[in-house]
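Start from the sequences and build out the full structure, keeping to the hints where you can.
All letters in the sequence shown, in the order written, are residues 1 to 327 by this note's numbering.
In short, the hints are calculated from the structure, not lab data. Treat the hints with care, since some could be wrong.
[Stated by the list, open to error] No farther apart than 25 Å at their CA atoms in a straight line, the calculated lysine to any residue pairs in the SDA-like style are these: (1) Lys207 with Lys232; (2) Lys253 with Lys204; (3) Lys66 with Leu140; (4) Lys207 with Lys219; (5) Lys204 with Glu305; (6) Lys232 with Asp221; (7) Lys219 with Ala316; (8) Lys219 with Asp292; (9) Lys204 with His326.
[Claimed, not checked] Beta-carbon label-pair distances, calculated as ranges: (10) Ala76 with Asn56: 12 to 22 Å; (11) Gly244 with Ser113: 19 to 29 Å; (12) Glu43 with Arg214: 46 to 56 Å; (13) Arg127 with Asp292: 51 to 61 Å; (14) Ala28 with Ser54: 35 to 45 Å; (15) Gly190 with Pro230: 45 to 55 Å; (16) Glu305 with Asn56: 37 to 47 Å.
Heads up, the beta-carbon is just placed ideally off N, CA and C, and yes, glycines get one too.
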Amino acid sequence: MTESNVRPRLDPQAQPTTPRRVAAHALAINAAAVAQLAERIDERFDRAVDMILSHNDRVVVSGIGKSGLVARKISATLASLGTPSLFVHSADAAHGDLGMIAQSNVAILISASGETQEVLGLVPYLRSLGVPIIAITGNLQSTLANQADITLDASIEREACLHNLAPTTSTLVQMAMGDALAIALCEARGFQASDFAIYHPGGKLGKRLKTLVRDAMHKTDLPICAPDTPLKDMLSTMSDGGLGLVLVMTGQKLAGITTDGDLRRGLERAEEISGLCAQDIMTPAPLTIGPDATLYDADLMMHDEKVTALVVADPAKQVLGVIQIHD
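What follows is the structure, given as structure tokens:
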């Protein structure tokens, strides 16, 4: 990928005037900054991952102001993806919260300037405990960068703010670095979707990771027809079934499936429709999924195969039901 592919051409002197141009200008600056960050990932990042894995304990993430908000989010993402983590506000640390930090922890300190006094105030205490420090900072010559065991480069050329003042691009890059770290740790730990379900029992995603296809599938009054069913009768069956599809069966054996998309494509191809029947427009040997798969598994299969429904079948290929993408 060439530089021109990933870095939008920006004129720092240009002052966009309409809201949409302001937004596009800001997003272009942010996109360029994240692309540049990807190019700077080096062996220091590998060492940071190895350090966290080798300690195999909680990661304490700290910052203040906008960097503090980023630190809180990074801590939450780490925990969400299998790395135990705790957010400690840098200003509150000196008023009792230092007691939450243990010798076996690893600390990630976040400061755009690397000179934030509240963040630097944590360093002596962390050193006294022997807690290793990973810094995420935009200033590699800063006090924080010099005092950290590993420094991850979160520098930027400018903020997306038109006056180059408000933390916008800098906080985005900090968060992107933290997310990359969480994802790398997740991969290194062999974290699976089933693990994710344990930490996310609530909400739609947690439900789909834990709910089995057998508990959500349509299994009664399935729309079924024979291969030689005339088109008109098949359309009536599809309409009555309310699933936007018909299962084409030869006795107890699944011969194919006809969806509304198959129907549309079949009609477009046909020169004469009066003699059409189900087997002329069905998809033979359709995709099937087992009843003990999760809804998440079904989602992945439908996404990968670009379909909106799957036939649910047992190991003997007996049809049990139908699962759709919105179930």
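Status of each hint after checking the structure:
1. Lys207 with Lys232: Since the Cα atoms of lysine 207 and lysine 232 sit roughly 39 Å apart, the hinted pair is violated (cutoff 25 Å).
2. Lys253 with Lys204: Given that 25 Å is the threshold and the Cα spacing comes to 34 Å, the pair is violated.
3. Lys66 with Leu140: 19 Å, holds
4. Lys207 with Lys219: At roughly 20 Å apart (the allowed maximum being 25 Å), lysine 219 and lysine 207 satisfy the hint.
5. Lys204 with Glu305: 22 Å, holds
6. Lys232 with Asp221: With a Cα-Cα distance of about 19 Å, the restraint between lysine 232 and aspartate 221 holds, given a limit of 25 Å.
7. Lys219 with Ala316: Answer holds: lysine 219 to alanine 316 is near 17 Å, not above 25 Å.
8. Lys219 with Asp292: The hint holds at about 14 Å.
9. Lys204 with His326: Given that 25 Å is the threshold and the Cα spacing comes to 12 Å, the pair holds.
10. Ala76 with Asn56: 12 to 22 Å: 20 Å, holds
11. Gly244 with Ser113: 19 to 29 Å: 57 Å, violated
12. Glu43 with Arg214: 46 to 56 Å: About 48 Å separates the Cβ atoms of glutamate 43 and arginine 214, which means 46 to 56 Å holds.
13. Arg127 with Asp292: 51 to 61 Å: Taking Cβ atoms as reference, arginine 127 and aspartate 292 lie about 52 Å apart, which means the hint holds.
14. Ala28 with Ser54: 35 to 45 Å: Hint holds: Cβ distance 39 Å, inside 35 to 45 Å.
15. Gly190 with Pro230: 45 to 55 Å: Given about 54 Å between the Cβ atoms, the range holds.
16. Glu305 with Asn56: 37 to 47 Å: 39 Å, holds
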